[in-house]
Amino acid sequence: MTALRLNISLLVLMLLLFILSLGVGPAELGFRESFHGLFAGGGEAAAIIMRKIRLPRALLGLMIGFTLGLSGAVLQGFLRNPLAEPGIIGVSSTAAFGAVLVFYSGLAGSALYALPAGALMGALIAVIALLALSARGGSTLTLILAGVALSSLSGALTSLVLNLSPNPFAAYEIIFWLLGALKDRSMDHVWIAAPLMVIGGLLIAASARAIDALSLGEEAAASMGIHMPRARLLIVAGVALGVGAATAVAGTIGFIGLVVPHLIRPLTNRMPSALLLPSALGGAALLLASDVAVRVILPAGELNVGVLTALIGAPFFLWLVARARREML
Amino acid sequence: MVRRRKPISFFSGLAIIAGAALAAPVFSDLAEAQPQRVMSLNLCTDQLALALAAPSQLASVSFLAREPVMSPEHEKAKALPINHGRAEEVFLASPDLVVTGTFSLHNTTQLLKKLGFRVEEFGFNQQLEAIPADIRRMGELLERQEEAERLAAAFEDELSSARQQLCGPAPTMLIYDQNGVSPGAGTLAHSVMEAAGFRNLAAEQGLNGVGPFPLEAVIESRPDVIVTSSATGNAPTLGEMVPRHPALKTLPDTLIGDFIPDGTLSCASPATILAVRALVELRRRIAPCRREREAQ
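First to last, the protein sequences are chains V and L. Its first residue numbered 8, the first sequence is counted upward by one per residue in this note's numbering. Its first residue numbered 2, the second sequence is counted upward by one per residue in this note's numbering.
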């Protein structure tokens with residue numbers, strides 16, 4: 008019952024922030040005017056702005072936040088590591104490098120689908136490498152250190168590829184890939200990302216029983232009839248699809264998957280599977296709120312939303328590290 | 002104790018270079034006659050030099066001069082050696098005249114002057130009216146006064162005839178570039194739009210210099226014409242998707258296209274008149290004056 012109440016209140020919060028996100032932008036439309044534009048259609052400026060610019064942006068904020076929150080929760084449960092998160096363990100930055108490599112090489116012309124194709128490959132390689140590392144009895148620290156190495160390496164390679172591009176404007180896009188943004192997206196971006204995220208989310212949902220059993224240890228899980236290789240495959244594919252698609256359209260947006268599960272865990276019965284949906288809803292709410300904030304702070308120039316999530320998330324990460332250290336002593 | 006080798010300090014290094022550069026005045030003696038080995042280190046001086054110089058008068062131009070997207074004189078530049086604006090390159094080529102911009106490579110310019118090279122700097126010009134003076138000055142420097150006078154006079158004629166044709170209410174225009182950036186007041190693009198009889202929406206919305214123009218504001222201000230650049234370069238970027246955002250295509254009364262020839266606005270150069278010409282023709286087509294309508 009409390010789980011239901013938690014989910015409903017987070018859903019309401021998410022929907023309110025979604026509506027708020029639709030209402031914020033450099034064009035000062037009144038609230039009534041904007042929602043009239045959204046539903047009435049036509050060639051009115053308000054209708055074009057709402058349907059072609061703000062709606063895709065709000066949808067992407069919702070979808071990406073949802074995916075990142077979900078991925079953070081499942082990784083923390085599966086790896087039994089409170090610091091696991093797609094950004095920190097290097098999955099997001101590797102996905103960004105994959106997207107950059109395929110798109111800026113011009114192999115696919117300037118086709119949009121080059122972005123998710125490259126990003127999925129990058130994310131997949133990162134998740135498999137990290138699982139291989141943590142499978143051999145690695146500690147919490149091993150995974151985080153491997154993530155640091157992976158993030159730095161792919162960040163450097165991203166910068167390298169963009170600097171080597173024959174197009175002099177490409178180098179300006181380094182910041183987008185390192186600190187993502189949702190500015191000036193269109194419905195095309197929604198359509199290329201949404202199906203991948205839906206499939207990724209379903210795969211992760213299918214692994215819910217396995218991560219609950221895993222909280223009792225791998226042997227106990229196996230004795231409960233959990234097929235570990237299958238669970239691992241579900242999570243690898245689910246996270247790679249979700250984070251790959253998110254990064255392909257919005258660059259690297261960090262810390263959503265770290266902060267949200269920690270904030271929500273005390274409100275649940277602490278079973279890893281009970282955390283999945285609330286974290287996803289909370290992730291969507293946090294990213295929507297951050298994206299509203301960047302538009303309010305700097306209306307014209309606009310801050311990258313990845314800057315804001317890092318400003319919130321990095322101190323939080325430090326606090327978690329300090330707390331973990333205290334508990335170890 | 003560890004024996005330390007005395008490093009060659011920056012200043013003693015400079016002294017060595019300066020010593021070797023004593024040969025330089027030999028070249029500057031030739032400055033009285035027509036300079037025969039001219040090096041241009043800046044895209045904008047490249048344009049002036051390429052337009053005016055005699056064949057074989059230019060030793061090299063900047064590497065950007067070969068980029069079709071930025072350099073209207075890229076065909077001529079392909080036949081010439083290129084430089085990357087470094088002092089070492091100048092030193093090795095030992096030109097008798099170096100032309101460059103005041104905004105670019107300031108340290109290089111200072112160093113070259115100290116080394117005794119003859120360096121002529123051109124200011125960063127953002128006004129159409131000042132282009133003929135730049136052309137004449139480059140003509141003086143290259144001892145090509147006749148060519149310069151012909152080119153400058155033709156430029157002035159075409160500019161004043163464009164201004165005489167202005168009439169009626171001016172259509173609005175927005176130049177929308179990579180990443181949603183527009184040139185506002187005080188830019189070369191602004192003076193070109195004005196000369197051709199367009200109102201620059203970015204300047205009217207308070208933009209000074211080149212700056213971001215939010216996509217939503219483009220939709221709201223409903224320009225009569227949006228100029229995007231065809232210049233995609235030879236590799237894709239995400240920034241070039243912004244001027245092609247689907248929202249812009251739904252504006253019912255807006256004409257969108259790459260109406261300005263590549264590179265004609267990247268520098269105030271003789272080729273900038275081509276941008277004026279293209280926009281004058283566009284203005285005649287979409288908002289003809291009465292006398293033009295009667296002529297049709």
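Hints are computed from structural coordinates only; laboratory data are not their basis. Since we're looking at a predicted model, the values are computed, not measured. Certain hints may be false.
Distance windows between CB atoms, simulated [claimed, not checked]:
id, chain 1, residue 1, chain 2, residue 2, range
1, V, Val328, L, Pro262, 54 to 60 angstroms
2, L, Lys250, V, Ser146, 53 to 59 angstroms
3, V, Asp195, L, Arg138, 32 to 38 angstroms
4, V, Pro175, L, Lys250, 53 to 59 angstroms
5, V, Ser146, L, Pro82, 47 to 53 angstroms
6, L, Gly207, V, Val19, 38 to 44 angstroms
7, L, Arg245, V, Val205, 49 to 55 angstroms
8, L, Ser222, V, Leu325, 40 to 46 angstroms
9, V, His43, L, Arg245, 49 to 55 angstroms
10, L, Asn108, V, Val205, 30 to 36 angstroms
11, V, Pro173, L, Glu89, 40 to 46 angstroms
12, V, Asn170, L, Ala34, 24 to 30 angstroms
Built from N, CA and C at the ideal position, the CB exists for glycine as well.
- Against the structure shown, which of the earlier numbered hints fail to hold, in ascending order? Violated: hints 3, 4, 5, 7, 9, 10, 11 and 12.
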